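*Asks:* Chain by chain, the residues:
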Amino acid sequence: MNENTDIVKTEGRAVEQSRQLPTMTPVVDIYENDNEILLFADMPGVTKENLSVNIDNGKLSVLGIRRLETAGSASWEEFGDVEYLRNFSVPQTIDVAKVNAELKDGVLKLHLPKSEAAKPKQIEIKAE
Amino acid sequence: MWTTVSDLDRMFGSMDLLRSRMNRMLLDYDRFYGRGGGWAVTATEPLTNLYDAGDSLEVKAEVPGMAREDVNIKVQGNYLEISGTRKSDTPEGYKAHREERDTETSFTRSFTLPSEEINTEKVSASLKNGILTITLPKTEAAKPKQVTIN
Chain A
0 MNENTDIVKT EGRAVEQSRQ LPTMTPVVDI YENDNEILLF ADMPGVTKEN LSVNIDNGKL
60 SVLGIRRLET AGSASWEEFG DVEYLRNFSV PQTIDVAKVN AELKDGVLKL HLPKSEAAKP
120 KQIEIKAE
Chain S
0 MWTTVSDLDR MFGSMDLLRS RMNRMLLDYD RFYGRGGGWA VTATEPLTNL YDAGDSLEVK
60 AEVPGMARED VNIKVQGNYL EISGTRKSDT PEGYKAHREE RDTETSFTRS FTLPSEEINT
120 EKVSASLKNG ILTITLPKTE AAKPKQVTIN
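These protein sequences, in sequence, are chains A and S. So that you can map any letter, position 108 of the first sequence is 107 in numbering that gives the first Met the number 0, and since no number is skipped, the others follow by simple counting. So that you can map any letter, position 31 of the second sequence is 30 in numbering that gives the first Met the number 0, and since no number is skipped, the others follow by simple counting.
These aren't lab readings, by the way, just hints derived from the structure by calculation. Small disclaimer: the values here were computed from a predicted structure and weren't measured. Take these hints with a grain of salt, some might be off.
Here are the simulated PhoX-like cross-link-like pairs (lysine-lysine), alpha carbons at most 20 Å apart as the crow flies [claimed, not checked]:
#, chain 1, residue 1, chain 2, residue 2
1, A, K113, S, K94
2, S, K127, A, K103
3, A, K118, S, K94
4, A, K108, S, K94
5, S, K127, A, K47
Generate coordinates for the entire structure from the input sequences, incorporating the hints supplied.
*Replies:* Here's what the structure looks like:
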């Protein structure tokens with residue numbers, strides 16, 4: 000894929016930029032029920048070792064790096080090495096200690112449980 | 000003469016600016032930007048790569064959310080067909096806030112491989128982390144030969 004957006008020649012520039020991974024925004028689905036917020040993110044090719052999920056002060060950051068193992072010369076290449084990055088705001092009511100993440104078939108599934116205090120409560124009406 | 004060149008440069012410079020602005024506009028509008036040159040439309044077919052390693056060809060495809068049994072591969076001569084069905088993983092009893100992913104879809108993609116000589120008996124495939132890799136060995140006749148000098 001052509002990542003080059005410069006039409007102008009680059010010879011004139013003093014320092015050539017080193018090659019960096021293109022950043023992509025992974026597509027996500029977000030669901031919620033009374034107990035948790037559930038996030039799915041498509042990140043094909045990202046291994047467990049190259050994936051990090053950080054929650055800090057109400058900001059959730061998902062970062063995955065894909066490096067393809069290839070052999071030979073490419074006849075065509077529609078996808079390549081990439082950095083998947085996406086940030087979200089999460090409510091303070093998330094129980095950060097209980098967050099858990101699964102990675103299967105290139106899909107990240109992130110469970111963000113709500114803290115007990117944030118769950119809806121049924122109030123029982125006492126009879127006299 | 001040199002003024003003309005710098006004029007040209009300036010013109011291209013403003014075209015660059017326009018293009019980057021358009022791209023930024025698209026970035027806000029369509030989250031799938033980033034797949035290609037900025038003008039890409041969302042793909043419903045998986046993206047593929049083809050590599051030629053001399054002895055064999057290798058096809059890679061992005062198939063997130065698909066398991067081994069969801070993908071079918073057919074080879075006939077130098078014709079390769081990949082098809083698959085993605086099962087929806089939408090959880091029950093949840094309220095959806097955002098649904099960008101293309102779950103519950105199916106696709107078929109076919110190729111005519113650049114080498115005529117594929118040893119169809121020895122084609123193998125693996126699926127790892129949502130990336131499908133198909134290795135297609137060439138027949139003996141099509142493999143590169145080492146030539147020794149007498």
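*Asks:* Could you tell me which of the hints above the structure violates, numbers in ascending order?
*Replies:* As far as the earlier hints go, not one is violated by this structure.
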